[in-house]
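The sequence shown lines up with residues 0 to 144 when you count with numbering that gives the first Met the number 0.
FYI, nobody ran anything at the bench for these hints, they're computed from the structure.
Okay, derived cross-link-like pairs now, DSBU-like style, lysine-lysine, Cα gap no bigger than 30 Å in a straight line: (1) K74 / K28; (2) K68 / K49; (3) K67 / K55; (4) K74 / K85.
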Amino acid sequence: MVFFIFQPFRRFVETGRVAVVSDGPNKGKLVSIIDVIDQTRRLLHVYVRKAWSDAKVDEQWTESVWAKKRAAKDKRAQLTDFDRFKLRRVRSRRNHIRTATFLALRKAASRNGTLYGKKTMAKGGDKPKPSKKAKPEKKTAPKKK
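Kindly produce the complete structure, drawing on both the sequences and the hints.
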C-alpha cells in the first residue's frame with residue numbers, strides 16, 4: 000500500500016499578504032495585497048513603506064524558500080551553452096562518484112550480512128581464515144629393540 004503525502008496549498012490570495020507580481024509592468028516585484036476586487040483583479044499597494052520596513056519584509060523574502068527557488072530558476076535560465084555543458088560534465092562526475100560509493104557500501108553490507116537485515120553465511124573467499132597456532136611437537140615413543 001502506497002501513501003502519498005500532499006502539502007496543502009498555502010499561498011492564498013488574502014488581504015495583507017505579500018505577493019509577487021507575475022505579469023505586467025511590475026513583473027517580479029513584491030507587493031502587498033490591500034483589497035481583493037474579484038477573482039482576477041486585486042488592489043495592490045506597492046508603497047506601504049513604514050510597515051514594510053518595520054517588518055523587514057525584503058530580508059524575510061530573500062531568506063524564504065520561494066525566493067531561493069525563483070533565484071535558482073533565474074540563474075539557470077541565464078546559463079550559456081558552455082555553462083550547460085560544464086554543468087552536465089560536473090553532474091556526470093558527481094553521479095559516478097556517488098554510484099561507486101553506493102556500490103562499495105552495498106558490497107560491504109552484503110558481506111557482513113546487514114544488507115537484508117539478517118546475518119548470512121559468509122561466501123567462499125570471504126570466510127575468515129583460521130589463525131595458525133603453534134602446534135606442540137609430538138612426542139615420539141621410544142624405539143623398541
